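Protein chains in written order, with numbering that gives the first Met the number 0: chain E, 0 to 354; chain B, 0 to 305; chain Y, 0 to 275.
Honestly, the hints are just simulated from the structure, not real lab data. Because the structure is a prediction, the values reported are computed rather than measured. Hints are not guaranteed to be accurate.
What the hints assert, rightly or not - A few chain Y residues facing chain E, derived, Cβ under 10 Å:
#1 A120
#2 W124
#3 A137
To be verified - Derived DSS-like pairs: lysine-lysine, alpha-carbon spacing no greater than 30 Å straight-line:
#4 K39/B / K61/Y
#5 K289/B / K61/Y
#6 K61/Y / K220/B
#7 K209/B / K289/B
#8 K119/B / K220/B
#9 K289/B / K300/B
#10 K39/B / K119/B
#11 K209/B / K194/B
#12 K220/B / K194/B
#13 K61/Y / K300/B
In this text, a Cβ means the ideal position worked out from N, Cα and C, and glycines have one as well.
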Amino acid sequence: MNLTTPPTLWSLSRLTASILIGGAVLGATLGVSSQAQAQTERVELLNVSYDPTREFYRAYNQLFAEHWREGHDQEVTVRQSHGGSGSQGRSVIDGIDADVVTLALAYDIDALHDRADLLPEDWQTRLPHNSAPYTSTIVLLVREGNPKNIQGWEDLVREDVEVITPNPKTSGGARWNFLALWGYGLEQFDGDEEQTFDFVRRVFENVPVLDSGARGATNTFVQRRLGDVLLAWENEAILSVEELGRGDFEIVVPAQSILAEPPVAVVDANVERKGTREVAEGYLEYLYSSEAQALAAQHYYRPVDEAVLAEYIDEFPSLDLFTIDEVFGGWREAQTRFFNDGGVFDEILEAINTP
Amino acid sequence: MNTFNQATRDGRDAGAPAVVDDGDLARRWQRATDEPAWLKAVLITTALIFVGLFLVLPLSVVLYGAFERGLAAWFEAVRDPDALSAIRLTLLIVAIVVPLNTVFGVAAAWAIAKFEFPGKPVLISLIDMPFAISPVVVGLIFVILFGSQGWLGPWLAAHDLRIIFAAPGIVIVIAFGTLPFIARELIPLMQQQGKEEEEASLTLGAGGLKTFWYVTLPNIKWGLIYGVILCNARAMGEFGAVAVVSGRIRGETNTVPLHIEVLYNEYMFTAAFAVSSLLTGLALVTIAIKSIIEWQDERQKRRAAA
Amino acid sequence: MSITLARRRVIPGFGLTMGFTLLYMGLIFLVPVGAFLLYTTTMSWETFWHAITQRQVVASYKLSFGASLVGATINLVFGALLAWVLVRYRFPGKRLVDALVDLPFALPTAVAGIALVTLYASTGWVGRYFELFGLRVAYTQLGVVVALTYIGLPFVVRTVQPVLEDLEAEWEEASASLGADRFTTIRRVIFPALFPALLTGFALAFARALGEYGSVVFISGNLPFRTEITPLLIVAKAEQYDYHGAAAIGTVMLVVAFAMLLVINGLQWWTSRRHG
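Generate the whole structure from the sequences, applying the supplied hints.
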């Protein structure tokens, strides 16, 4: 036994050695050949985005890759990360190396400046239209035939109506929902804050579930058939009607709603470190091209390009849209007043749950 | 004594009047050590309803959802590049975590079962800790530690090292969460087996490694395998902690459970259930292997006793 | 002491195995947890106290503890029943049922959550029948209880089963021959023997339920004050970048978890003393 072992070991190690050497040679050859082939340079971008943009960016990334290949001889691969807008912003602050962020609202990008100094304070002026290449609004999605006869915001306080909306603390879309409601209240009660508070509180009394993101809320409403009305991004509402159950749902467009501007920005600190500034800026600028604008419209976002909007005007009913700057004095102010700890939304929760 | 009489009298009162005068010892015996057939049937039925509601039905939902649209749809969902990359990442993580936790489990069990030292109960309690900590808190701990605003974040960034939002972070949180599984399986087993066999082997001149290999390992074989498959299943299925540290980059830092959540949020329910069925299948295989192990173990014991 | 030393010399590897154990635990777990606790101390006491006693947070403790307690109690009753049926009776499919008990250990919690909500929503296979009685399971506190019952199910069964198997038939026979009827035997002989195992299983199921996140978020309504569990609140705080708040509540959970473990280990020590 002892005599036979050493030769076996020896031959084994010889075998291993030859395999290793062979592998190394093969690997080196392959490496050389792949270098020779790689005339077009590969570039990677990471786009950290919010929930409902999944389908749009999947299509846009292809469009952009083709566009960029022609002008720059670079092969761009865009990696995507999706989640609730607030939590995605949190990931970027905590160090996920996003080249660009495409979030649900400006405050989540403001936070990147405030908390981690990843981009300059004036980021929103760097691209046209407040850095929002597409817009949307908040509409009401109801069940087929509108059995509860919901016509507008005022119907949400009725006792027989169950309202589905995600949690404004974690979901960007839910914050737009909340502000749309509040804006309607102000208009309705001639700027009376107390009556508006009471109105919004009564709506939230009708909410049985607070999902953490827009997609969760849509699932609850569509798949689990809970609730009578879903407050949703217009693009999510149309998507639900078109793809999840044609004929099962109807969109009710209120007379008045908020202009939702989901902004985009290059994360300067990351692109500097990775050397991807040029392609990252190109990626966002191309969002304003007519091809990308048409793609946005096909994914039910309202394009900012007037010509493209005119082409798809049938998709997007006209309604009275107010902006966050007009009514609330911008996102920072709205965030502090309504959604931070101890803000109006917390007061509403307290009021609902105080016996 | 008094209480016992009381109990006996209670017992007589409760007995069926039909057999009171019978005096048939066998029947009375049976009545006292066994339940009546109707009660057995009720108990078994209740237990089975419980099992049906909580175990069989959820399992059926997953399998039904996965194969509702046929095998082709199932294959398509599982072969999707993002699904494949999630599977690859999960396998990679398991390939790192399970061996580490296995070595740890064996080492810890050896130190705890074969030696006496002060503070042993504290050590055992500490090993149990990860089991009771919420996965969410586990994730939070590592974000606070390694996040770029965290304590080690700036240093890591300066050296271009990535921990969270990359595979290493996921490996660490999963290793944390599944740390006790193998150790907890082995410690009682090795404690129960004592150390006489090892001592005999060592006294006869075998070395430490040889003793471990030829004496200890065969003894703990089944427990070890069971611990490894349980650890493996938990490592593949971990969700809460991974959700906090992964960053959810498609095709890159999504593990299988996260990918399932992604699919669910993209309204691709069939695909979500199809990928779930992979993990469910794994869970079933795990359980099957475990049952076989137990069955083998019983047979060995019986043979040893015979 | 001299005996210990002598034995230490016989069996090798104490330094090696102990060293690795401590190193690994230290790296993976002790140092991070220690750092986390240190992080909590960077808060002022007022901030900490405010974070852990807000009304919304306290409401989440109530739900988490309450639902975990109910879930663990259901598991105590049905787990004991299941263990009893599995050990004592013969019925078709017994081996299969025995194997299935481990499913909640092995199935990922997110998958379990999705499966449970599909099942118990008012459109689901089971939920629609509850709906007939006006009972909503999904998105209510009842839903939280269902999820926590599910994930804690194996604990009581698996702690009680071996004890029941080891229970000598002689004890029951002795009790019977002394004239006790079945109920008395169960109450006075079997139950006391099972008691420590029942308690341990209960405590384990409870501890596990307290920290559970993945399965609950799918089936719970996640409404603050009503259906929001503490782990979800921690995640929500972290996602709003309130790491101090999240860490403070996390510390509370950590302390509770450790206390639970002390109880469990205390029980086991107490059991082994009674039996040893």
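Structure-based check of all given hints:
Because the beta carbon of A120/Y sits about 4 Å from the nearest beta carbon in chain E, less than 10 Å, this interface hint is met. Taking 10 Å as the C-beta contact cut-off toward chain E, the hint placing W124/Y at the interface is violated, the least distance being around 13 Å. The beta carbon of A137/Y is positioned within 10 Å of a beta carbon in chain E (closest approach about 7 Å), and the interface hint is therefore held. A C-alpha spacing of about 38 Å is found between K39/B and K61/Y, which places the hinted pair above 30 Å, so the restraint is violated.
Restraint check: the Cα-Cα separation between K289/B and K61/Y comes to about 37 Å, which exceeds 30 Å; the hinted pair is violated. Restraint check for K61/Y and K220/B: the C-alpha separation of about 44 Å exceeds 30 Å, so the hint is violated. For a cut-off of 30 Å, the pair hint linking K209/B to K289/B stands: about 28 Å separates their Cα positions. Our distance criterion of 30 Å between C-alpha atoms is met by K119/B and K220/B, whose separation comes to about 24 Å.
For the hint linking K289/B to K300/B, the alpha-carbon distance of about 16 Å falls within 30 Å, and the restraint holds. The straight-line distance between the Cα atoms of K39/B and K119/B is roughly 44 Å, outside the 30 Å bound, and the hint therefore fails. The hinted pair formed by K209/B and K194/B meets the criterion: a straight-line CA distance of about 15 Å does not exceed 30 Å. Between K220/B and K194/B the CA atoms are separated by roughly 16 Å; this keeps the pair inside 30 Å, and the hint holds.
Of the pairs offered as hints, the one joining K61/Y and K300/B is violated, with about 48 Å between alpha carbons and a cut-off of 30 Å exceeded.
Checked against the numbered hints given earlier, the structure breaks hints 2, 4, 5, 6, 10 and 13 and satisfies all the rest.
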